[in-house]
Amino acid sequence: NAGVMQNPRHLVRRRGQEARLRCSPMKGHSHVYWYRQLPEEGLKFMVYLQKENIIDESGMPKERFSAEFPKEGPSILRIQQVVRGDSAAYFCASSPGDGSPLHFGNGTRLTVT
Amino acid sequence: ILNVEQSPQSLHVQEGDSTNFTCSFPSSNFYALHWYRWETAKSPEALFVMTLNGDEKKKGRISATLNTKEGYSYLYIKGSQPEDSATYLCAPLVDGGSEKLVFGKGTKLTVNP
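First to last, the protein sequences are chains H and C.
Counting in our numbering, the first sequence runs from 1275 upward without gaps.
Counting in our numbering, the second sequence runs from 18 upward without gaps.
The set of hints was computed from the structure by calculation and includes no laboratory data.
Given the structure is predicted, the values throughout are model-derived calculations rather than measurements.
Just so you know, not all the hints are guaranteed correct.
Unchecked claim - Residues from chain H that keep clear of chain C, each with C-beta distances beyond 12 Å, as calculated:
| hint | residue |
| --- | --- |
| 1 | Val1286 |
| 2 | Ser1298 |
| 3 | Lys1318 |
| 4 | Phe1339 |
Stated by the list, open to error - Simulated pairs of lysine to aspartate or glutamate, EDC-like, Cα-Cα distance not exceeding 20 Å:
| hint | chain 1 | residue 1 | chain 2 | residue 2 |
| --- | --- | --- | --- | --- |
| 5 | C | Lys125 | H | Glu1314 |
| 6 | C | Lys122 | H | Glu1337 |
| 7 | H | Lys1325 | C | Glu116 |
In this text, a Cβ means the ideal position worked out from N, Cα and C, and glycines have one as well.
The shape of chain H in the complex, shown without the other chains (with noise of 0.2 Å):
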């Protein structure tokens, strides 16, 4: 069984540009979590999503990031017009709900330069 399985590992942006992150969850979880790790800092919760659904984006920047997590594919977490602030990584993690544990993916280190 494969575990959380997010891409790209590395992606390095040009300021502007958009960055899309992807987060495949563990089979048989519904649930997607998306955190951000900043220099220095602990992980931040950013949204919680179910199928189709966002359950929770208060920890979401309220311009520029979006994510959606579809019926069919991955999560996916995007962040237009990217500024050198958003340089973190960023971590997925899925479980199947009912406060069950989370199991997180390896991140995506975002740079933007």
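Chain H is already provided as a structure; the job is to place chain C on it using the hints.
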């Protein structure tokens, strides 16, 4: 916003020492508490999910206790080894909440050989 406090922020111990650290969380509407272990350059891994007041869970040399009435959990490591060096994160789940997991800033443990 859930107020999750972890202390100490960092800890240095010698190999063979036993150690413990604390996670404090709001006691109202408690549902569950998650503990994770996060090694440098890796992704977080679940240690325990605790739900019952007075619960104690153990995994090898690591154990955790839970007090839901006063809103705290202790994580203990017996006979620390260098491979225990990691950041230990906790996250409470609230009953009636959205099932999002908001992590504390973590306790960074360094075990010196």
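Given the hint that Lys1325(H) pairs with Glu116(C), does the C-alpha gap stay at or below 20 Å?
-> holds (15 Å)
Against chain C, does Ser1298(H) hold up as non-interface, every C-beta pair farther apart than 12 Å?
-> holds (14 Å)
Are Lys122(C) and Glu1337(H) close enough, with their CA atoms no more than 20 Å apart?
-> At roughly 25 Å apart (the allowed maximum being 20 Å), Glu1337(H) and Lys122(C) break the hint.
Compute the least Cβ-Cβ separation between Lys1318(H) and chain C, then decide whether it is above 12 Å.
-> It is violated; Lys1318(H) is separated from chain C by about 8 Å at its closest Cβ, not greater than 12 Å.
Lys125(C) and Glu1314(H): Cα distance at most 20 Å?
-> holds (11 Å)
Closest CB-CB distance from Phe1339(H) to chain C, is it above 12 Å?
-> For Phe1339(H), whose nearest Cβ neighbour in chain C is about 16 Å away, the distance exceeds 12 Å, so it holds.
Grab the minimum beta-carbon distance between Val1286(H) and chain C and tell me whether it stays above 12 Å.
-> holds (19 Å)
Violated hints for the displayed structure, listed by number in ascending order: 3 and 6.
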